[in-house]
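Input sequences plus hints: build the corresponding full structure.
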Amino acid sequence: MSAFIEMNNIAHSYNKESVLKDIDLSIPEGQLFGLLGPSGSGKTTLVKIMIGLLTPINGTIHIENQQMPSFKQMQKIGYMAQSDALYSELTARENLHFFASIYKIPKKQQKERVAEAAKIVDLQDHLDKTLEKYSGGMKRRMSLAVSLLHQPNLLILDEPTVGIDPVLRASIWEELRNMQKQGTTIIITTHVMDEAEKCDNLALLRNGYVIAQGSPQQLKSKSNTETLEEAFLQFGGAAHAHSSNR
Amino acid sequence: MRIQAIVKRIIHQFLRDKRSIALMMVAPLLVMTLLWLVLDMDQYEPTIAITDVPVQMQSALEQQDATILEANEHKAETVLQNENADAHLSFEKNQAQLTMEGSNPSATSAVQRVISNAVKQINPNAPELEINFLHGTSDLNLFDQTGSVLIGFFVFFFVFIIGGVSFLRERTQGTLERLLATPLKRWEIVIGYLLGFGIFIIIQSIIVTAFSIYVLGIYMAGSFIAVLFIAFLLAITALSLGTLLSAYAKNEFQMMQFIPIIIIPQVFFSGIFPTESVEWINAIGKIMPLTYGADALKEIMIKGQELAAVTGDISVLVGFSTVFIILNIFALKRHRTV
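Chains as they are written, first to last, in UniProt numbering: chain A, 1 to 246; chain B, 1 to 338.
Keep in mind that the hints are not guaranteed to be accurate.
[What the hints assert, rightly or not] Derived, one-sided and incomplete: chain A residues facing chain B with beta-carbon distance under 8 Å:
| hint | residue |
| --- | --- |
| 1 | 14 |
| 2 | 74 |
| 3 | 87 |
| 4 | 102 |
[Unchecked claim] Rough simulated footprint, nothing fancy, chain A against chain B, three-plus residues with beta-carbon under 8 Å:
| hint | segment |
| --- | --- |
| 5 | 10-17 |
| 6 | 330-338 |
Simulated from the structure, these hints should not be mistaken for lab results. As the structure is a prediction and not an experimental result, all values here were calculated from the model. Don't be surprised by glycine CBs; every beta carbon is placed ideally from N, CA and C.
Okay, here's the thing in structure tokens:
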């Protein structure tokens, strides 16, 4: 039995500029998996390949043994983009109902799901405001609510906590843990070390390569360092030396 | 259900955007009214300076509604210079001489008309010519002649802009990518847009056509429904072209740059100006959707034809729309490979 998500030899480039090289990753079901790397390291491209927006130039990706892109899998993935892809002229409730219909949630259940999702991100009192009146942090939470609407079994979050205050960030992490307990697999990209610390497993990305992977503890002990930041620099330096030797 | 959701969302969004509604519904009426004011004027009545003109001729000119200014040679020259008169008519030894001011073609032709009518009047032996019209009437003026094309043009122009910019914003604000991260099919987005805006397009076509015909009194020999149908087809073509081209614009400003490239040339080649005499210019018009819409509108409004008589134009417009829609579905592949 292969892993929940299985990536083999993934490579991708835009206009001959190589963005991802030789990515092999397997993510077991139910894990909270982190993609850690500086901006420009290929995190978002990898995310787009996972959700089926991009077909990689090389390599394959399977989710639940189905090759992506697959519409059947896309129905089961919740995605929160790096930018808040929402309709600012509409109210929060209208946005949620719209996406609920796109995911073909039956009319009867929509009201309930919208209320649930809004409660998780603590926006239930602001549902009838248009998003033009929302603050940056509220829009982030709204994006998260949209990705939870159809109760996905895989949640992919691209830099979800940027611009969210520490109190809310803690509550979102608590919610992510709750969803994980109910069996949801969660993939999160971040460049913040203390968030990476909270993941079960991590892949460190740099210049399109996975330079190391393992649990935060394993990564620290493998590189003989005290913190993830030092570990990242250690692996990064090693990878750098490695690639220049080739 | 998904298409329905997109349609519902577009309606919600558009209803919140009062200015865009005004641009789509009211702006064409404003421009049509201005054109009507400019083009739908009564016949120009020229002012003619005269020197030594026989009394019989002078009274004939006056009967043709020309304003007469008696002056000597020298004064007449100044009057022409200052554009206080459109022409100077003088008689010397029974030899008539006419000097035109000449800078305004419509004044020149008005002087010619008035004088030839006056000559006819004082020479009753001239054969009487009875003029009948197969289409239109002798009152058909520039507004009636170009108005039918202009209805098509304004519908095309405003739908192109609003549809194109809306689709562009979907892309720049990231919602297009977000939608494509769901199992939504690419064609569902394109069709959803067509249907969502289709509702507003129908309303716009009704308002513009009804206003031109019933308020401005544009010449109309055919059926209202037929005009509406052609206006709607043109709008669908404009919408599918606008949404397609928005894929090649980075922002709203770049979308506006399509106006002088795509929209304005269509005005020149679609039949407002006669181009039949130069074959290659005529050929340029053949690749422009507005040409076919304008032709159909002229046939219906001026010649009073039925829709059945313009099936050629209709099928070309449907063809244009279909091609643009299919190309757009393919253009979305840039955002999702499947």
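Against the structure, test the hints numbered earlier, and report the numbers of the ones violated in rising order.
Result: hint 1 breaks, nothing else.
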